[in-house]
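Participant: Protein chains in written order, with UniProt numbering: chain X, 1 to 283; chain B, 1 to 403.
The set of hints was computed from the structure by calculation and includes no laboratory data.
For lysine-lysine, the following BS3-like pairs were computed, each having C-alpha atoms within a straight-line distance of at most 27 angstroms:
| hint | chain 1 | residue 1 | chain 2 | residue 2 |
| --- | --- | --- | --- | --- |
| 1 | B | 8 | X | 30 |
| 2 | B | 19 | B | 36 |
| 3 | X | 26 | B | 8 |
Covered stretches of chain X, as calculated for chain B (at least 3 residues, CB under 8 angstroms):
| hint | segment |
| --- | --- |
| 4 | 7-15 |
| 5 | 53-66 |
| 6 | 121-128 |
Built from N, CA and C at the ideal position, the CB exists for glycine as well.
Each chain, written out:
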Amino acid sequence: MAANFWTSTHGMHWLLSRHALAECRKVDLKVVTEQELIKVNIWFAQIITELGRKLSVRQVIIATAITYFKRFYTRNSFRNTEPNLVAATCMYLACKIEESPHHIKTVIAEMKAIIIEELEFNMIVFHPYRSLMTLAQDLGTKNDDVQWAWYIINDSYRTDMCLLYPPHVIATAALYLQIALKGGAQYGDYSLTSTTSNANNSGAAAGVTTRNARRGAGNNAGNVNETPKVKDIRLWFAQLNVDSEQIIDIVQEIISLYELWNEYSEEVKSNGLHELLSRLLNK
Amino acid sequence: MLAEFRAKRETERIRVEAKYQVLGFISSGTYGRVYKAKAKKTVKSADGEEKELVYAIKKFKPDKEGDTHTYTGISQSACREISLCRELRHQNIVSLQEVLLEDNSIHMVFEFAEHDFLVNNQHERKPIPEFTIKSFLWQLLNGVAYLHANWVLHRDLKPANILVTNDGVVKIGDLGLARIYERPLQPLFNGDKVVVTIWYRAPELLLGSRHYTKAIDIWAIGCIFAELLTLRPIFKGEEAKMDNKKNVPFQKNQLTKIFEVLGKPTKDQWPTIDQQPEYHNLNAFRSSPNRLHEFYQTCSSKSDAGFELLAAMLGYDPVMRITAEEALRHPYFDEEPAPSMDSFEGQPYQYPSRVVKSEDNDMRVPPTVTSAVQGQAGATHGGTRGKHGHNGKDEGRPPKRRG
Numbered sequence: 001m002a003a004n005f006w007t008s009t010h011g012m013h014w015l016l017s018r019h020a021l022a023e024c025r026k027v028d029l030k031v032v033t034e035q036e037l038i039k040v041n042i043w044f045a046q047i048i049t050e051l052g053r054k055l056s057v058r059q060v061i062i063a064t065a066i067t068y069f070k071r072f073y074t075r076n077s078f079r080n081t082e083p084n085l086v087a088a089t090c091m092y093l094a095c096k097i098e099e100s101p102h103h104i105k106t107v108i109a110e111m112k113a114i115i116i117e118e119l120e121f122n123m124i125v126f127h128p129y130r131s132l133m134t135l136a137q138d139l140g141t142k143n144d145d146v147q148w149a150w151y152i153i154n155d156s157y158r159t160d161m162c163l164l165y166p167p168h169v170i171a172t173a174a175l176y177l178q179i180a181l182k183g184g185a186q187y188g189d190y191s192l193t194s195t196t197s198n199a200n201n202s203g204a205a206a207g208v209t210t211r212n213a214r215r216g217a218g219n220n221a222g223n224v225n226e227t228p229k230v231k232d233i234r235l236w237f238a239q240l241n242v243d244s245e246q247i248i249d250i251v252q253e254i255i256s257l258y259e260l261w262n263e264y265s266e267e268v269k270s271n272g273l274h275e276l277l278s279r280l281l282n283k
Numbered sequence: 001m002l003a004e005f006r007a008k009r010e011t012e013r014i015r016v017e018a019k020y021q022v023l024g025f026i027s028s029g030t031y032g033r034v035y036k037a038k039a040k041k042t043v044k045s046a047d048g049e050e051k052e053l054v055y056a057i058k059k060f061k062p063d064k065e066g067d068t069h070t071y072t073g074i075s076q077s078a079c080r081e082i083s084l085c086r087e088l089r090h091q092n093i094v095s096l097q098e099v100l101l102e103d104n105s106i107h108m109v110f111e112f113a114e115h116d117f118l119v120n121n122q123h124e125r126k127p128i129p130e131f132t133i134k135s136f137l138w139q140l141l142n143g144v145a146y147l148h149a150n151w152v153l154h155r156d157l158k159p160a161n162i163l164v165t166n167d168g169v170v171k172i173g174d175l176g177l178a179r180i181y182e183r184p185l186q187p188l189f190n191g192d193k194v195v196v197t198i199w200y201r202a203p204e205l206l207l208g209s210r211h212y213t214k215a216i217d218i219w220a221i222g223c224i225f226a227e228l229l230t231l232r233p234i235f236k237g238e239e240a241k242m243d244n245k246k247n248v249p250f251q252k253n254q255l256t257k258i259f260e261v262l263g264k265p266t267k268d269q270w271p272t273i274d275q276q277p278e279y280h281n282l283n284a285f286r287s288s289p290n291r292l293h294e295f296y297q298t299c300s301s302k303s304d305a306g307f308e309l310l311a312a313m314l315g316y317d318p319v320m321r322i323t324a325e326e327a328l329r330h331p332y333f334d335e336e337p338a339p340s341m342d343s344f345e346g347q348p349y350q351y352p353s354r355v356v357k358s359e360d361n362d363m364r365v366p367p368t369v370t371s372a373v374q375g376q377a378g379a380t381h382g383g384t385r386g387k388h389g390h391n392g393k394d395e396g397r398p399p400k401r402r403g
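For reference, chain B alone in the conformation it holds in the complex (with noise of 0.2 angstroms):
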């Protein structure tokens, strides 16, 4: 009976291919793969011109594909992505415009942007402009304050997460960590135990945390306008491999390269520090003074409401961390230049684009080697995650979280 209404569902069922055409390969991962792809039927503009529509579409391969014992269909972060992106409507949020299902594998389609946050990747690293760069902060902070105010934790920001459209709009971005937080079942530490992508982990997290906060995503904030201002990651630390126990290890290096900058964390910036799991791991660190200013002063911004954003968004103590709606009304954005929607308005300078493999154009067949590089293996995710597929070439890129 079910044999029935299951070739009743698949005769129903809309075809990828029959709606949307690839153009080619953006990115994979472990969960899957990215293409760009633009739908069949174009629509016509106001002034009556054919336009088409251009999409990203992430196709998911179910988890552990082609291993039917331990086939356990859509995976959490499928999951998580979908229902978060059906009840999410914003700006500065990636846009879900339709989900397919076919052949057992999810594919999400979102609206396409044509540029990213990972700059510090370019060949030329031209200082992008600091109108570009506080409007892409403000939108940035104004999407995170719309999750934020839904009980959304994003978990994962980082500039390969971030997008940017022609038009110069940010649009965040890969919810496939994010989580509802507000009043959990279960702690958020019992979920995942690693969370956030080494360079942007905050460091109650890397003290062990077990109830983190929406000041995590903040922390990512920081790191994240300090490597726009630089173009480089502003803690490039390496990640501790989780052990065959799986227990999570101590980022010993990660906490190292936050100290260098910052300097050590002592009990007057952070009263609750001695509460953090890790504590006693701090012995081993010698105090050191905050050069946050310094490394200021080597940015392409000379302004002093900049810093001071900036040394509140990468603050130690989580609980006085500012907060999205806060950075929002800092007094940074209303020096000139002001910040606009548009992040490119008038500038004479070309924000590279995404790299999209056009030869890698058949959703059904793996995207060909020189098109996806096979990374090493990067950051463990519970231990549980295999290799990382990572594309293009991976100088300068921070090892992924998870795929």
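Next up, chain X with everything else stripped away, as it sits in the complex (with noise of 0.2 angstroms):
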């Protein structure tokens, strides 16, 4: 469980097809489309980001809480529930689950019965973080570089891809992503075209010993002594074992949730989320 994804309930039981999600939503896509459904999605993981900064919580607890919100809604319409109350109430159960309690009062902790039992009680929750740091680490990644593939893993959150791929795909997309948008520009240090890319070896990531020592360790042994080699990222990313196809499909994900996040800005300036809101809530 804990240490292994695959025997775990999220692993098991939470990782849902594209085709099943869309089942799940039909009541609501009814009344609202898509897209205007995914701005709903945006407009509530806000809230719950921001319920998490005003509790000070860790980033883990507000992804958890996204988390169980979506895997609510799979299971119910908005339609018939008050989703600012689930959001409050995921965000309530997260901090339990996660060893961190807060107090909230008497109607959350009632609603949190009910969620749980949507749950089917199945509460563990893996997130992309680890799998970032772990990644990031083999591959020498800066922090700075870390830092944006972890703001990417935050924003993915807007989307279903917690309810699609598991955790350790999305992070590899996420670290992608960032190579992708602003590995050749900014810093030159990473290139998904060219095959040797350079850099980063000044000694300050912390993933350069890991590498040199793995090298060292490796069947070249007549090269220890040579200058350490910044590993070939497209070599990198295809050794891992993960689907490509996963990868693009979360990138494209990612990267339409930043174009519709626009469209979503503006429409929340001009009330029009508001207006989508009651006339998905049938207020």
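Reassemble the complex: the two chains are provided individually, in unrelated frames, and hints are given to aid placement.
Facilitator: Here it is, written out as structure tokens:
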């Protein structure tokens, strides 16, 4: 379980197919479009994030809360529930499960019992953050760049990725996207197009020692004295045991999220989103 | 709108009574009560016989029942137990059949086990055969090794929490204090100031350690091993109570009991002992010799390897203390009699069963006074828990860490 994602409830019961996810949303899609529903999901992810910030909780707790929220809405439609209450309750439950309990009022305590039941009492959630740290260390990614990938993972919780793909695949996609977006232009450290990406041998990055250690222990013992080479990024990605189509799918999803997010921000300003919400919630 | 949603859920929900028939009352505590029950639906076994399935249903009362102002819903202990039991799957961990929610209270349906390790309470203290003890210990270590491999600390191992089925299979139960200790968001001490029932509490915890490890579970197993061998707790100390300011008191009496058998720990045995928060309190103790070997000679086992394993589990330095994985490979288990997954295999000895009170079989009504004698307030848990209900006689039972 906690040591093995594939035998956990997350791995066994809570990775859905896109088809199954579309089925879950049929009721809501009668009143709003798919695009609009994405915006609604961004809205509530924002609310949960804001709530988390106000409570000064760690990012992992926010991510768990958003995942609970999304899992809940794979079994219920927005129309028949009170999503603000569900959102707050998910935060309350996430704090409890992540062993950082917070005091919230009675209403939520009651709602929590229902949410917990909807979650089939499966409450341990895996997140891409840990995989990101492992991957970044192996690749020798600079701290600034790891931070960027971390932000991308935060943003991925505005999409359905946490319901569709295992966390380590999302982490890989975030790292890929970070390198694609920032790599060539700003840093020159990484390149997804050239086979000999150079640099990042500053020694300051923790990953360098790891790579050297591994190389030393490897079969090319005769080359111990050569200057540390940076990993071939393309080769590195190719050697990961991760489905590249899934990576591409996640990357595309996140990029289209960013496009839609701009539109969304405008609608928040113009009150368009409130109209959308009241239409969805039948108010 | 939410009322409508709730009503819909209520109608969809399966009532506990619809699926299970309560056979009797097993035990109670601050968390709620445990009942023995059978499934109303029987299953056909391989030989075509109708088989009844028996379960233990743990019914939690909502936190601070009745007090709507401070109602916080499902207790932390229920949350932990449910979330972990949903993930864990192992022959030596009690298996959770399902969870039912009814009237805001959680019902956890576990597989039923006829026996437990609580033998110090039996009227006739007949020694347990070495084969049975060794099989118990091996299976207990096997289950704990699985927990530890999954980054789970049990934190409340004691005879009452370790169950045994009719087929002699050990089932570790009560994960209400268990937690994942991989990358905790806060130090473990912040969450729970006091863990493990006093008699089974490791010396690093008694000395106020803020960061403890899976070694605390191994200490408890060492105490349980000794208890199975002699039918009485090895370190039967008295717990100092929490004061009004909720400061964790220094457990002088418990440490005295440990030092009487193992001697006062030295810096050689435990190099970092002087870094323990309560280290200064050790000045009050005189140094004493290790008498564990003398103790072992009073036991039912004559195995030298058994003694070595016991000493390794009761090692003072948590860093040096044997791990569950190492213990499973200990020479003691290579000696005859070899341990088995059926601890009762071929034994003429009748192992005592847990007591089930059949007069209390209504889940909605609290058990009668005779079957659930209200014990004295036991060990406090953060000073916030109330009276502890004990079942049966309290003789020879440790004060409960919590309900």
